[in-house]
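Engineer: Here is what each chain is made of, one letter per residue.
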Amino acid sequence: MSQKQNIQLPEGSLGKQTTTLNLGPTHPATHGVFQNILEMDGERIIDAVPTIGFIHRAFEKIAEHRPYYQITPLTDRLNYCSSPINNMGWHMTVEKLIHAELPKRVEYLRVIIMELSRIADHLVCNSVIGVDTGAFTGFIYVFELRELIYEIFEEVCGSRLTTNIGRIGGFERNFSELAFQKIDHFLSVFPKAMKEFETLFNRNRIFMERTMGVGGIAAERALNYGFTGPNLRATGIDYDIRTAHPYSGYQDFDFSVPVGTTGDVYDRYLVRNAEIWESISIITQAVKKIKDLDPSVFHADIPDFYLPEKADVYSKMEALIYHFKIVMGETAIPAGEVYHSVEGGNGELGFYLISDGGRSPYRLHFRRPCFIYYQAYPEIIKGSMLSDAVVTMSSLNLIAGEIDA
Amino acid sequence: MRPVTHNTKVKVVDAPQGFAGEGFFTTKMSEAVGLARSNSIWPLPFATSCCGIEFMATMAAHYDLARFGAERLSFSPRQCDLIMVMGTISKKMAPVLRQVYLQMAEPRWVMAVGACASSGGVFDTYSVLQGIDQVIPVDVYVPGCPPRPEAIIDGFMRIQDLIRTESIRRRESDKYKELLNSYGIQ
Amino acid sequence: MLTNEIIQQQLTEKFGALVYNFEEPYGMLTFVTDRDNNLKVMNFLKESEGLGFNFLNDLTAVHYPDQIGKELAVVYMLQNIQAGLRIRFKVFTDITNPDVFTATGIFETANWLEREAYDFFGVNFVGHPNLIRIMNVEEMDYHPLRKEYPLEDQTRIDKDDDMFGR
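Residue numbers (the working numbering), protein chains in the order written: chain A, 1 to 405; chain B, 1 to 186; chain C, 1 to 166.
None of these hints come from the bench; they were simulated from the model.
Fair warning: this is a prediction, and the values are worked out from it, not measured in the lab.
Accuracy of the hints is not assured; some may be wrong.
Derived, one-sided and incomplete: chain C residues facing chain B with beta-carbon distance under 7 Å [as the list claims (entries may be wrong)]:
1. Ile68
2. Val137
3. Pro144
4. Asp153
Where is the CB? At the ideal position from N, CA and C, for every residue including glycine.
Chain A on its own, in the form it takes in the complex (with noise of 0.2 Å):
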């Protein structure tokens, strides 16, 4: 039942003495729909043409059609691994459109959400460097982690992967006791399973060999390419959006900020591997100070962007305009530009966000982490071997969500 294929060969390829190779948009390792065209010397690769736009969903365009509070679940399908954080990203930008205030317990609410979130993008990275060097082990050990992780999410909002969480302004609902077990036992059970993960890598020879020195980067190079992120961080380059540009209360924490070498696959792999225990620490610092704060506190008050309780529009006749007025876009939306970025699971994640007044933004634009950093890959990988090129990419943590929007 198959049929003829007619392959048609490029110009010339039949005579030159390097290898066309053609690491398709179908990939064996579940990274992500991008297409690299290598030329090759044997085993060594000499040139890559990256090639992406196989999943462009065409986030901005649907972004100006669409009212400020459906524009949440597109920001989930960006970097999808961690979607709590575009969401809390996308609130935070409109909320400093419109000058909101948030009290300290959403802030500080807002921050486990955004650190569990990281520690599930983190970890999801770093047991894929794991398989691309043949460990399969690490990456089944650690899904068991991140089911605790989706627990934790599905209890607050009803979702496991692409959460749609929060409102802007706060919260749709107050976590419930019960989310606070889970967090509890999440904090308890976490650290524990962690060594064991970092046991099984970090001086594992194999994994050090396949990893010290391949597909590293100088600090200029990188900050002259657009780096953020864990990836800059490799390099040398402490930048952080939490401690540079801090937002939601992360001032008042105390964390620090790992920071690497060379900025080949092994600082990578220490660098998320810190920042997870950095995240722990900061959930714990969360947890803590929450409970001296008043407990029924999930929103901020403006009811001109926040939908008020269902029972409250059914009887009182303000919640009813004021719900009335949001849901049909009544509400005095003010005309300006902001820019807002937070630390995303690959770096900063900024939000470019030109507002007219009316329903929906006249322009959104996404500054995607892995979009820029994805044209330093050539460069990165130009003379090392294939199988190196294969765990370099991995360990950039490339999203095609992200990539493309």
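With the hints as your guide, set chains B and C onto chain A.
Structural biologist: Chains B and C only, in chain A's frame:
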């Protein structure tokens, strides 16, 4: 270290209906073939976006897909039976998907996991294919955004039902040829 | 301490009337400069003593169909990592002749960002090493994010526009 627990109550698949005797067992050919095929499917995870991460959770130890016989994931279409399309397929990716489908050998099945693969999902835009059944014939659709691992397993079990009850002459029948022709596949 | 006033003062000293429309929406210094001046401004911000904006944060384009003669705006966002300061400037260009000099020589980041702006809006970056479409299929003949084009694919048959409220 955690204690290792073994599952002592292993469930085995039911034998088909047939006539048994001393040292022999007769049954219909299609039932035997169906039993063998449905419990040893080799899937190809065509994971493009968020549903791919839920698939990774399904393959992992908590929701283990391997207990249904799908232990060996093949990433080469020549060696797989079932292609699970998980995630949004854009118009740039559609020829790639079609090429991968054409490289599969009969008998082959297709499972569309998630809202984007079934119908375009949330993304009703100029660049997204509104469902993969615009380019390849689909057997089972799993709705959800992303579907829970239990839903993916349910879709997988429906595929197993389809495979177990399929006639062994189906791939040569006129109806099947007509279906493929409507997609432009010979 | 580097502040917005110092940067604005140094810019007006160097460029005079070529930089105008200084604003500070939500704390970020924003200004407009002429289309042919963008590389000089970027070089000045990067190389000059005391400014040190050596990080191109973002590069994007915006379409204003109502401003005849200045429909396409290219927005550059630069950052000084050490001081933690951000700055934004725009250049406007005509839609019938959208040529802007490429920033690839100054920042390597600009390569794909400019390809994306070309793909979505049709801004032609003069001197770019490889200005082809990056996100959409190569055969596409229009620039989709301009305001006159619709979001949905008009040839789809399975969705009924009446039911979807379009």
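Engineer: Hint by hint, say whether it matches the structure.
Structural biologist: Status of the hints after comparison with the structure:
For isoleucine 68(C), the suggested interface contact is broken, since its CB lies about 27 Å from the closest CB of chain B, more than 7 Å. A least Cβ separation of about 5 Å between valine 137(C) and chain B falls short of the 7 Å threshold, and the interface hint therefore holds. At its closest, the beta carbon of proline 144(C) sits 6 Å from a beta carbon of chain B; the interface hint therefore holds under the 7 Å criterion. With its C-beta approaching chain B no nearer than about 5 Å, aspartate 153(C) sits inside the 7 Å limit, and its interface hint holds.
Hint check: a violation occurs at hint 1 only; the rest are consistent with the structure.
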